[in-house]
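Q: Working from the sequences, and respecting the hints, build out all of it.
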Amino acid sequence: MKQKKLVLIVLVAIATTIGGFLLASDHIDAPAVKNQTTDITDLYVFNGADTNNLVFIGNTQGLLAPASTAAAAFDSNTLIQFNIDNNGDNVEDLVIQAVYSKGMMNFYGPVKPSLTGLRGVVEGTLTTSVAVTPYGSSPTISTSTNGVKVFAGPRDDPFFFDLNQYHAILAGKAAGFNNPGSDSFAGTNVMSVVAEVPKSLLNSTGKINVWLTTKKREL
Amino acid sequence: MKKNQIRKIILGSLILTMSIAACSKSNNGGGPAPTPTVYYDQADQVGRPAINTVFIPASGKDSFNTTIPSSMPGLFTNDMKTSLLTLNPKFTTNLLGLTADQFIGVVSSDVLNASTIGVTSFYNGTQVLTGRTLSDDVIDVELTLVFGGPGGSDNPGLTSDHVNGNDKPFLASFPYEASPW
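Chains as they are written, first to last, in the numbering used here: chain A, 2 to 220; chain B, 71 to 251.
If you're looking for bench data, these hints aren't it; they were derived computationally from the structure.
No farther apart than 30 Å at their CA atoms in a straight line, the calculated lysine-lysine pairs in the DSS-like style are these:
1. A:Lys103 x A:Lys35
2. A:Lys113 x A:Lys208
3. A:Lys35 x A:Lys174
4. A:Lys113 x A:Lys217
5. A:Lys103 x A:Lys113
6. B:Lys238 x A:Lys35
7. A:Lys200 x B:Lys238
8. A:Lys35 x A:Lys217
9. A:Lys208 x B:Lys151
10. A:Lys174 x B:Lys160
11. B:Lys151 x A:Lys35
12. A:Lys200 x A:Lys217
13. A:Lys217 x A:Lys103
14. A:Lys174 x B:Lys151
15. A:Lys200 x A:Lys113
All values reported here derive from a predicted model rather than from experimental measurement.
A: Here it is in structure tokens:
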């Protein structure tokens, strides 16, 4: 009982210290990107069904209701980029980029970038393009001559978390999670970019560090 | 008069030279004129799930998103440690055996570690931070590492949200994610 009370006090303190609502994964994580095409929700990196390949998934524009998914679109002014560090210094040695233009998602890389860090350019030559899959259609997939397989379009948000209960805990209205919990992301969609890449293209000795960035075109 | 004429000739040939130069410059190799470089500026970034959300105070969330990972530890370690110890004031070590400083040392560079030679998993009891699959229950892992203490069993009401999987089955083949609702 005493401990329970302590936890509650602590959690109320968190809510005031950390401030605002804590939002799950990276969905609407910061004021500047909230409700923007640049807002990232999640990054996934895992072995493909063919374990000679690594799959990179970058999701953006989270919490799309089914009714608003058909109207959701990629933005030609947003550069979506997987950054890959091969030597542990957390500076990108390779990038995989996705840039939208006129119904197509154009993929570049994996390629060594001419610029690293906060300011970027489209790097190298086009790897492959794929038509963005419209809402309600089966996935359109494109594969480059060097074996990079790509997809772009709306998908179910694969992230799951009882965010509402977490909020209740932080607000001091609950002492813990419910069992079973309730997935606050159930029934919502994201705009997703998927690239499955032969590991032979990653110049890796076994371990990589990956981060996903969105960059906005300078106007 | 004579001087003026000379001047005209000089000026004329100068204009001619300049226009030839301009012409050859804009028509290099007969291809299209070079377009100016288009630059893009960083707006958002994510490595591991929920790092900015959980560990960065409201005032720092935008700047965290526009900080390169190699600069994050220097700028955010103190804030992140404060957040951890606010979330769990009794933090000693966690299931990975990491002290608060060591744990923050791992998470303060927000990159997702991935193996290119083995099983990929955020945490499966054997593999630790070797990737992130769609079905990995990353929230339970992070809650356990923050609240669960050295054995992972402290604060049992806070170490799992009891949502253990997605609301739609994933696909066995590309593009792996489920179709939209």
